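One letter stands for each residue in the lines below.
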Amino acid sequence: MHPFWTISLKLGLTHNLIKTLPTKKTYPENTMRKIIPTLCFVSIAIASGFAQNGVQRGEFIVEPPTLQNLGFEWYIGSDDRYRL
Amino acid sequence: MIPYGTHLLDSYYGIKVYGSGHVIAHNSIAFFHDSIGVSTYGTPEDEQELKAVSIDIYNNDLHLQVDDFVEGDGGVHNIRVMRNRGVNAVENGISAQPVFGGPAYYIRNIVYSIPLGGALKIHGSVPGLTAYHNTFITENNTGSRYPNSNFRNNLFFGTDGPTVVSSLHLTTPYSVSDYNGYRPNRGPNSPEEQFNLLNAAGDSVGFKTLKSFSRTSGLEKNSLTIDFDVFEDLQKPIHALERGLPSPVYHAVDLNFELDPNGKAVDAGVLIPNVNDSYNGKAPDLGALETGAPPEVHGARRLDPGQEFYR
Chain A
34 MHPFWTISLK LGLTHNLIKT LPTKKTYPEN TMRKIIPTLC FVSIAIASGF
84 AQNGVQRGEF IVEPPTLQNL GFEWYIGSDD RYRL
Chain B
33 MIPYGTHLLD SYYGIKVYGS GHVIAHNSIA FFHDSIGVST YGTPEDEQEL
83 KAVSIDIYNN DLHLQVDDFV EGDGGVHNIR VMRNRGVNAV ENGISAQPVF
133 GGPAYYIRNI VYSIPLGGAL KIHGSVPGLT AYHNTFITEN NTGSRYPNSN
183 FRNNLFFGTD GPTVVSSLHL TTPYSVSDYN GYRPNRGPNS PEEQFNLLNA
233 AGDSVGFKTL KSFSRTSGLE KNSLTIDFDV FEDLQKPIHA LERGLPSPVY
283 HAVDLNFELD PNGKAVDAGV LIPNVNDSYN GKAPDLGALE TGAPPEVHGA
333 RRLDPGQEFY R
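Protein chains in written order, with the numbering used here: chain A, 34 to 117; chain B, 33 to 343.
Because the hints were derived from the structure by calculation, they are not lab data. The structure presented is a predicted model; accordingly, all values stated were derived computationally and were not measured. Some hints here could point you the wrong way.
As the list claims (entries may be wrong) - Some chain B residues well away from chain A (every beta-carbon gap over 10 Å; in silico):
#1 H54
#2 S86
#3 Q267
Stated by the list, open to error - One side of the interface only, derived from the structure: several residues of chain A facing chain B at Cβ under 7 Å:
#4 Q89
#5 E96
#6 P97
#7 L100
#8 G104
#9 S111
#10 D113
A virtual CB, placed ideally from N, CA and C, is assigned to each residue, including glycine.
Taking the hints into account, I'd like the entire structure generated from these sequences.
Here you go:
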């Protein structure tokens, strides 16, 4: 058997911070009509800005070599929908 | 049955390591609880330099162990167990209980006679186990439930114990198992359904034939049902039918694991780049020994291969 390269791929998870609106304060109805579309627009804009559509590269580690083999570890992240 | 003397255990492990970059090769080891193992400390440390990674265990000759031949337990990434020969163990052949993340590579190992035990102990939902080209003459292939594994070009010989020859309890759809040879158990207490998998509800489901198992699972499409006639001259080990009763002790020098050049296991495998590129014939053979390849040296070099090293 030939010398052997082995690699360990590790999947990391992307964590998104979510801010919540204050829940105790009440708003007039006409104000809410303006706020809700604005919030939706801002949320979509923020989400689009942070969305990842490809594999995210992480740390690459070279393990101590042995007499016959090389080993590597490569941390990778998925896209935001975990499709990759 | 050949009378066999008693031997006291001098130590639990023959060889035990932790950390990274170890090579354990060409040792001849007999009469321990486990021959070779990665030490199991539990959850690995965060510091990279303290993890048990990049460890090679190859070409060792292992005889009569109380528990297992090789334990990768406690290893993390890139554990490579290759070309070892183990004859007579009570519990299991090669263990991963657990390996933390994997991959662990088990390639071209020979295991013979494990009464009422299995070829691979896979406990703790071990991911990333890769088993290629092994010859396992035990009762069954694996145990427990685990994700993301890869089994190809192996020979699994049931020896008629009260168990199934194949239990692929895979918990994710990302595993591969194909181009293997299976000899189902046919003992008086062997279950009729010899091939198990998990259904969508997580329950174990049994199948009588490899074909019906393959049809439902999508696995083992190119695998074969085989028997001991695939070897040039090798017999099924005799086992006691109940745990606790003695079984015969076998000697590697008496066993011929070469394949019959005209048998079903020759040229029945699949090409695995970087593993079996130098095969002979039309395709790689199943099992540990390729027909026509130079003989493998198991154990300490310069010993007489026709003489037992332990007596």
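Here is what the structure says about each hint:
{"no.": "1", "hint": "H54", "result": "violated (7 Å)"}
{"no.": "2", "hint": "S86", "result": "violated (4 Å)"}
{"no.": "3", "hint": "Q267", "result": "holds (29 Å)"}
{"no.": "4", "hint": "Q89", "result": "violated (18 Å)"}
{"no.": "5", "hint": "E96", "result": "holds (4 Å)"}
{"no.": "6", "hint": "P97", "result": "holds (3 Å)"}
{"no.": "7", "hint": "L100", "result": "holds (5 Å)"}
{"no.": "8", "hint": "G104", "result": "holds (4 Å)"}
{"no.": "9", "hint": "S111", "result": "violated (13 Å)"}
{"no.": "10", "hint": "D113", "result": "violated (20 Å)"}
Checked against the numbered hints given earlier, this structure breaks hints 1, 2, 4, 9, 10; the rest are met.
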